[in-house]
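Colleague: Chains as they are written, first to last, in the numbering used here: chain A, 1 to 477; chain B, 1 to 135.
A portion of the hints provided could be inaccurate.
Stated by the list, open to error - These stretches of chain A come out as covered by chain B in the derived footprint (C-beta under 8 Å, 3 or more residues):
#1 10-16
#2 77-85
#3 205-211
#4 222-234
#5 321-334
#6 398-406
#7 437-446
FYI, nobody ran anything at the bench for these hints, they're computed from the structure.
It should be emphasised that the depicted structure is a prediction, and the values quoted were computed from it without experimental measurement.
Yeah, the Cβ is synthetic: ideal placement off N, Cα and C, and Gly gets one too.
Chain residues, written in single-letter form:
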Amino acid sequence: MVQDVKRISTYEWEVPIGTVAGMRVPGRFFLSESLEKILEPGAVQQLANVATMPGIIKNSLAMPDIHWGYGFPIGGVAAFDLTEGVISPGGVGFDINCGVRLLTTPLAEKDIAGRRDLIDTLFSAVPTGVGAKSAQKVSAQALDGMMTKGARWAVDAGFGIPRDLVRCEENGGMREADTRAVSERAKQRGVPQGGTLGSGNHFLELQVVREIFDIPAARAFGLAKDQICCMIHCGSRGLGHQVCTDHLKILEAATKKYQISLPDRQLACAPISSPEGRAYFGAMAASANYAWANRQLITHTVRQVLEKIFSIDYHDMQLVYDVSHNVAKIEDHSVDGKKIRMCVHRKGATRSFGPHTPDIPAELSEIGQPVIIPGSMGTPSFVLRGTATAMERTFGSTCHGAGRVMSRTQAKKKISGREVAASLAKAGIIVRASSDAAIADEAPEVYKPSREVVQVVHEVGLSLLVARLDPLGVIKG
Amino acid sequence: MSFEEVSHTADVKIRARAPTLEGLFSDTCDALMQVMYGTSRKGTITKEITVKAADIESLLFEFLSEILFISEVEGIVFSKATVQIDGLHLHAVLEAEPFDRLRHAQGTEVKGISYSGLAIRHDANGYMLDILFDV
């Protein structure tokens with residue numbers, strides 16, 4: 001599989017048609033030479049599998065954090081024609097609108113250095129880990145609001161400020177949400193989990209802006225050197241997981257009904273315009289909205305905690321931006337000089353809209369959309385900005401994170417959670433997690449270096465470096 | 001117990017083997033619970049579930065998705081599944097206990113059961129499968 005791959009420029013590689021039977025377009029991915037050494041054949045196969053799907057436009061794409069997932073590779077991007085194309089939960093994942101947001105504070109490093117009590121307070125305030133239930137009691141009516149209006153529901157209910165909405169992709173809510181396509185079971189899972197972080201790679205981090213690469217962009221985003229920020233990484237919780245499970249079943253049947261032939265059952269799909277395709281899209285959008293509302297609820301909790309401990313103003317903690325890295329959306333892009341409306345799937349990939357594109361905040365029109373790339377535990381995160389190059393080459397997309405290199409089984413054998421926490425503490429990083437296993441599982445060495453992944457998208461121009469943030473306190477599920 | 005976690009970078013991949021199809025389903029359920037809640041699981045309550053599907057892999061998908069759903073909404077942890085399969089109908093008697101943060105918080109949340117690469121195979125020694133859990 002990997003031997004079929006051809007390098008076509010310094011950072012770009014092609015998976016030719018024929019690598020997997022039935023490919024309609026070539027696959028393309030972006031990688032540095034050193035990242036190429038850890039490229040998994042399974043990920044290349046998945047990239048090629050996506051290229052067999054009906055109505056795919058131009059290329060099946062993957063970002064430099066490409067790795068082996070299910071259905072699409074993680075880091076995968078594919079766009080589909082609205083008439084002939086399909087929509088697939090395999091191109092979004094179980095955690096619909098898993099995403100990241102970054103909140104600034106007026107605090108400096110000296111204010112929080114060594115403050116374990118602060119991390120403990122945040123850990124108690126934000127429900128975290130397996131089996132965690134919401135502190136905010138979400139009613140059935142509130143759940144409907146979360147799914148229909150997304151972050152706007154939370155802001156209207158007093159869990160934020162109107163400006164937050166301007167600083168979210170889609171203004172924190174997709175209009176296409178259809179709660180009728182969300183099962184009672186999914187709703188049942190959504191009620192107790194509003195405002196919870198979850199587990200796995202989800203986290204809440206206090207970070208310090210350590211390095212600025214692009215002063216005007218950083219200023220426009222509200223970032224300054226030595227400033228403390230808070231990064232929140234989570235998704236649509238059990239509600240989104242159930243929506244994916246329910247619709248996977250419906251789309252399995254639809255794949256047969258519409259006589260679509262696929263190399264992987266997890267790519268189950270239906271024409272975007274079919275009843276099954278529309279139902280999935282409506283339910284997925286409702287789940288995405290739940291995730292935005294969820295991140296907004298967590299943001300509110302963080303603001304309250306910091307407001308109380310440091311006597312700072314709630315309004316002085318501004319949202320830089322909120323990005324989704326697991327989602328399918330209807331967008332306009334130019335292909336061979338022609339503007340086409342299409343369904344863009346991003347699975348472990350971040351939107352990276354360039355300057356002067358619609359759907360980005362007006363005040364950032366000259367700069368481009370803020371792109372937030374979380375590091376793994378204990379490693380730097382990055383803020384970048386969207387580019388015209390991304391609009392031309394990747395349907396306005398870039399990478400989403402570091403990407404794992406070590407399996408969980410290896411991590412468990414080789415790494416002790418307690419030792420990782422101790423060594424991070426020596427480096428000035430306080431970690432609180434629901435278990436030692438959760439720390440071992442997400443240790444820095446199980447991930448590709450985030451810096452290297454980000455360097456590739458910067459060099460290719462899919463997004464440009466603005467700032468580097470180093471972690472000081474980490475809360476893990 | 002005849003399952004093992006095999007190497008997979010992003011998710012949890014389980015390889016299970018059992019002499020019977022029922023045993024294979026039961027072991028895979030055990031694997032799912034172990035990934036989520038660890039090994040300290042007891043049976044103090046009993047539950048019964050019934051699922052059906054269009055093919056055998058879908059039956060397993062339905063069964064495990066049902067386990068995930070009940071575990072989450074009822075806040076219970078399963079310790080044992082006694083499974084009966086009749087064609088593409090499944091009936092299971094499950095032993096469970098309420099979620100206990102002290103004993104059950106060592107695992108990781110499973111977001112969903114993947115169809116990717118899921119195939120139940122059968123030879124002279126019995127049944128086997130590889131299955132991927134999204135975590």
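Colleague: So, for every hint listed, does it hold in this structure?
Modeller: Going down the list of hints, with the structure as the test:
| no. | hint | result |
| --- | --- | --- |
| 1 | 10-16 | violated (count 0) |
| 2 | 77-85 | violated (count 0) |
| 3 | 205-211 | violated (count 0) |
| 4 | 222-234 | violated (count 0) |
| 5 | 321-334 | violated (count 0) |
| 6 | 398-406 | holds (count 3) |
| 7 | 437-446 | holds (count 3) |
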